[in-house]
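**Q** Chains as they are written, first to last, in the numbering used here: chain A, 1 to 272; chain B, 1001 to 1301.
If you are wondering where the hints come from, they were derived from the structure by calculation, not from laboratory data. We treat Cβ as the ideally placed atom computed from N, Cα and C, and that holds for glycine. Don't take every hint at face value.
Unchecked claim - Short, incomplete list of chain A residues facing chain B, as computed with Cβ under 7 Å:
1. S7
2. Q14
3. L16
4. E52
5. D72
6. G74
7. G112
8. G113
9. S119
10. A120
11. V122
12. A123
13. D270
Stated by the list, open to error - Sample of chain A residues lacking proximity to chain B, with all beta carbon distances greater than 10 Å (derived):
14. G18
15. Q51
16. L88
17. V152
18. A195
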Amino acid sequence: MSTAIASRGEITRQMLRGGRRALAAWASAFAALIALYAVIWPSIRGNARWQELFSTLPQTYRAIFTASGQLDLGTPAGYLGIELMGFLGPALIAAYAISTGAAAIAGEEGQGGLEVTLSAPVARGQVLAERTAALVIDLAVVAITAGLALWVFSLAFGMHLGVAAIAAAAAALGIFGFFTGAVAIAVGAATGSTALARGLAALVAVASYLINALAQVTTTVKPTRPLSPFYLLFGNEPLQHGLRSAGALGVLAVSLALVAAGGVVFARRDLA
Amino acid sequence: MTDAAVVASAEALTKRYGRVLALDRLTLEMRAGEVLGFLGPNGAGKTTTLRLLMGYLRPTAGSARVLGLDAWTDRVAVHARTGYLPGDVRLWPRLTAREAVGHVARLRGLDHDRGVPDLAKRLDVELDRPFRELSKGNRQKAGLLLALLGDPRLLLLDEPTSGLDPLVQQEFHHILRERAEAGTAVMLSSHVLSEVEHVADRVAIIRSGRLLMTESLASLRENARHTVEVRFASPPPPGTFASIPGITDVRLDGPVLRCTMQGVVDPLVKALARYRVLDLNSHEADLEETFLALYGQEDRR
């Protein structure tokens, strides 16, 4: 039908327009954080005592601060691995993705806008797909901004990070964001509850981080480590060793499957 | 009107939430060119009915159909020909009405300038302020503008005139009449008859999820009640007027008669003519009273 073709992309564009300010704020926050780490780097570089301190920490602590537990803090990649990639970077992008993902369906539903959008001849599945596409674009902008900031500040402060390593780190952050955001979108679409969408997605994000950390120190958790998206994306220390594509593709596939499952329930449930 | 095409219908439409029966076997038809006032107290099931017709809710039993399509399974096709105003118009807080109109028009695949400026002017919509700054009445007007986009064949309007000032309300009723004359079926809900009596051809009354009755406005008017007060030169004998058809509440205080007439007043006038009448006052009770009287009768069954 011609009306459906005319409307394609409109919902994505509208969500992007509505989220412009939040996107600018989060992307700037990422760039500022990376700038801060880069500015501190010259005073840390070559400080052997720091590496010693880290090596003497119990395995549990090292597991909590880094994705792999194995880092050379004397190198810029190791330094950023612990400061940016080990916790704060994934946490920040997850927070952004979860709040955006929870707002995509459940938030709009609670606020009243969804009923107006859905009064037009647009299938619920299309609304979900277009809003997911908007989240992907938002996250790509944040990840690319982070990558650009890494590249620029690496040049400015002599960190000598490779372009491939930077791309791997940015991709790992973006995909982790998409995974947590997909949980929020799917739960929100299936239930209509923003609180549940945010809560469950945050729980999944924390669980994936904790499984990876605990798997390094306890043998009972160890077998579950490959189930943790945090491990699959950051366990290889992307800034040092790149991204393992099988793991990354697996996380992407699971994320898309979650959104699709949320869409199936969304199409069959009553609107709130 | 009865031979006009059925645009929307509910057949034994039922919606249950757990133990609460929100709508109980509602059966109703709306025809092209008809304005139907859907009346009932808050919580009676009006919004539930409209949302079932929009395919937002899945019927527990029965079906809602629009233009021959099932409202739940074929909702996209239904929405292409239906305009909807939610009971509580809450739009995107940062968008202006102009931006929201553009968005919805693009979703509908319309050339969005056509007809919009004229409608916006008639409804006095604030086009360029963000929704979060608008009063309830102004949000309502913007919502109406959105519902009217693209000349829908069915308009489902949930409490459309609540919060509107009388002039805009009147203009809005003109717009609805124009749409109805062009063949659109209009359903507008309200909890007060006075909001729909000037525009509706027919009213359907719902309470506690059940349809109590449907009645044409013409027949409501025919059944309109008049209160009559007569002063005679000398008291007529008691019981003179009790047997007049349609008379109720007869009170004779010496030379003054007070009563209520339902329907045609002619029998009373003929009876009065046999006496010397000094003064005669009659006024038509508003439809609200007529409506309540009928409503009350139905209620006792």
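**Q** Please verify that hint: G113/A, Cβ, nearest Cβ of chain B, below 7 Å or not.
**A** At 5 Å from the nearest chain B Cβ, G113/A passes the 7 Å test, so the hint holds.
**Q** Return the status of the interface hint for A123/A: holds when the least beta-carbon distance to chain B is below 7 Å, violated otherwise.
**A** holds (5 Å)
**Q** Any Cβ of chain B at or closer than 10 Å to A195/A, or is the non-interface label fine?
**A** holds (18 Å)
**Q** Holds or violated: the hint that S119/A contacts chain B, with Cβ atoms closer than 7 Å.
**A** Cβ of S119/A sits 4 Å from chain B, so the hint holds.
**Q** Taking C-beta pairs only, is V152/A more than 10 Å away from all of chain B?
**A** Holds: least Cβ distance 32 Å, greater than 10 Å.
**Q** Would you settle whether the hint for V122/A is holds or violated, based on the nearest Cβ-Cβ distance to chain B being less than 7 Å?
**A** holds (6 Å)
**Q** Hint check: is the beta carbon of D270/A less than 7 Å from a beta carbon of chain B?
**A** Nearest chain B Cβ about 5 Å off; hint holds.
**Q** Do the numbers back the hint for Q14/A, that is, is its least Cβ distance to chain B under 7 Å?
**A** holds (5 Å)
**Q** Regarding the hint that L16/A lies at the interface with chain B, is the smallest CB-CB distance below 7 Å?
**A** violated (12 Å)
**Q** Mind checking the CB of S7/A against every CB in chain B and telling me if the closest is under 7 Å?
**A** holds (5 Å)
**Q** Close enough to count: is the Cβ of G74/A nearer than 7 Å to one in chain B?
**A** Interface hint status for G74/A: violated (48 Å vs cutoff 7 Å).
**Q** Does E52/A pass the interface check with chain B, least Cβ-Cβ distance below 7 Å?
**A** Since chain B brings no Cβ nearer than about 53 Å to E52/A, farther than 7 Å, the hint is violated.
In this structure, the hints that do not hold are numbers 3, 4, 5, 6, 14, in rising order.
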